[in-house]
Amino acid sequence: MFRGPLLLMLLAPWLVAAYKPIIVVHGLFDGPSNFKDLLGFINQTHPGTNVTVIDLFDHQKSLKPLWEQVKGFGEAIYPIMQNAADGVHLLCYSQGGLICRGILETIPDHNVDTFISLSSPQMGQYGDTDYLRYLFPHYMKSNLYRICYTQLGQDFSICNYWNDPHHRDLYLNSSTYLAPLNAERRCLNTTDWRKNFLRIQKLVLIGGPDDGVITPWQSSQFGFYDENESVTAMEEQKVYLQDAFGLKTLKARGSVITYTVNGVSHTMWHCNFTVYQNYIVKWLT
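Positions -18 to -1, 1 to 267 (mature numbering (1 follows the signal peptide of the UniProt record, and there is no 0)) are the ones given, in order, by the sequence shown.
By construction, these hints were calculated from the structure, which means they are not laboratory data. There's no promise every hint is true.
Distance condition first, Cα-Cα at most 25 Å in a straight line; then the derived DSS-like pairs of lysine-lysine [as the list claims (entries may be wrong)]:
#  : residue 1 : residue 2
1  : Lys184    : Lys123
2  : Lys123    : Lys230
3  : Lys264    : Lys184
4  : Lys233    : Lys123
5  : Lys264    : Lys220
6  : Lys18     : Lys43
7  : Lys230    : Lys18
8  : Lys123    : Lys264
9  : Lys123    : Lys177
10 : Lys184    : Lys220
11 : Lys184    : Lys53
12 : Lys220    : Lys177
13 : Lys177    : Lys233
14 : Lys233    : Lys220
The calculated label-pair distances, taken between Cβ atoms and stated as ranges, are [what the hints assert, rightly or not]:
#  : residue 1 : residue 2 : range
15 : Asn25     : Glu209    : 44 to 50 Å
16 : Arg150    : Pro191    : 24 to 30 Å
17 : Glu217    : Asp174    : 24 to 30 Å
18 : Asp151    : Gly22     : 43 to 49 Å
Note that this is a predicted model, so its numbers are computed, not measured. Ideal Cβ positions, reconstructed from N, Cα and C, are used throughout, including at glycine.
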């Protein structure tokens, strides 16, 4: 009977072949170096798996407009998809989760199996966070719309998903990224984008109340503020009820999984082994 290292050597080719490639897309002000812990976790549980942390739009360059980033990340990811006959997994953190949605909606022949959205503002952002104070020191959440909902403001990635519940009309008319991505403002590609998004097998939404950056934190699970800044859940959102981009269809077929995790701050989601072990690894098949 084979034991120890010899058994692992004999099984290694099979183990590697059993796991789909994983593509990681970083968030605002991040880069590949921020994901060493995550890569270590994956190597520990799924040794030999092909994992790629896309090295584009790192750090300050992550402020580039999101459609520009979707184009760049998409061009880097597409060859990986083409070389993966059984499909790939997308693990996308923070702002990267919105970039990945753009990729999923605009690539008609993508083969993404599971899309893991790790603390990503899927319904937008509206909060006075340290990030906001750093980027726009003279603005608070209540008046940031004055710059974000302008042509100049939309040149900053964070403004592409700034969602002010008190200026809904301005958001719908001015948002060049999130509003069309959510089909809140329909465009010629809306039907095709919905069809493309529905190619995924699983959508895993991870977030929590101690995040400290994503505001409201329920945005990571497609919840958001109403005009009174009361949070309404995903199932109450107009885009869900109208199935604008396929979210209701995914939920109906059992393809949406949500995890609410306490005690994790925003910068620690991809560094926390407990988060990885309990909520991520099971989907990296």
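**Message:** Going through the numbered hints above, which ones does this structure break? Give me the numbers in ascending order.
**Reply:** When the structure is compared with the hints, numbers 1, 2, 4, 5, 7, 8, 9 turn out to be violated.
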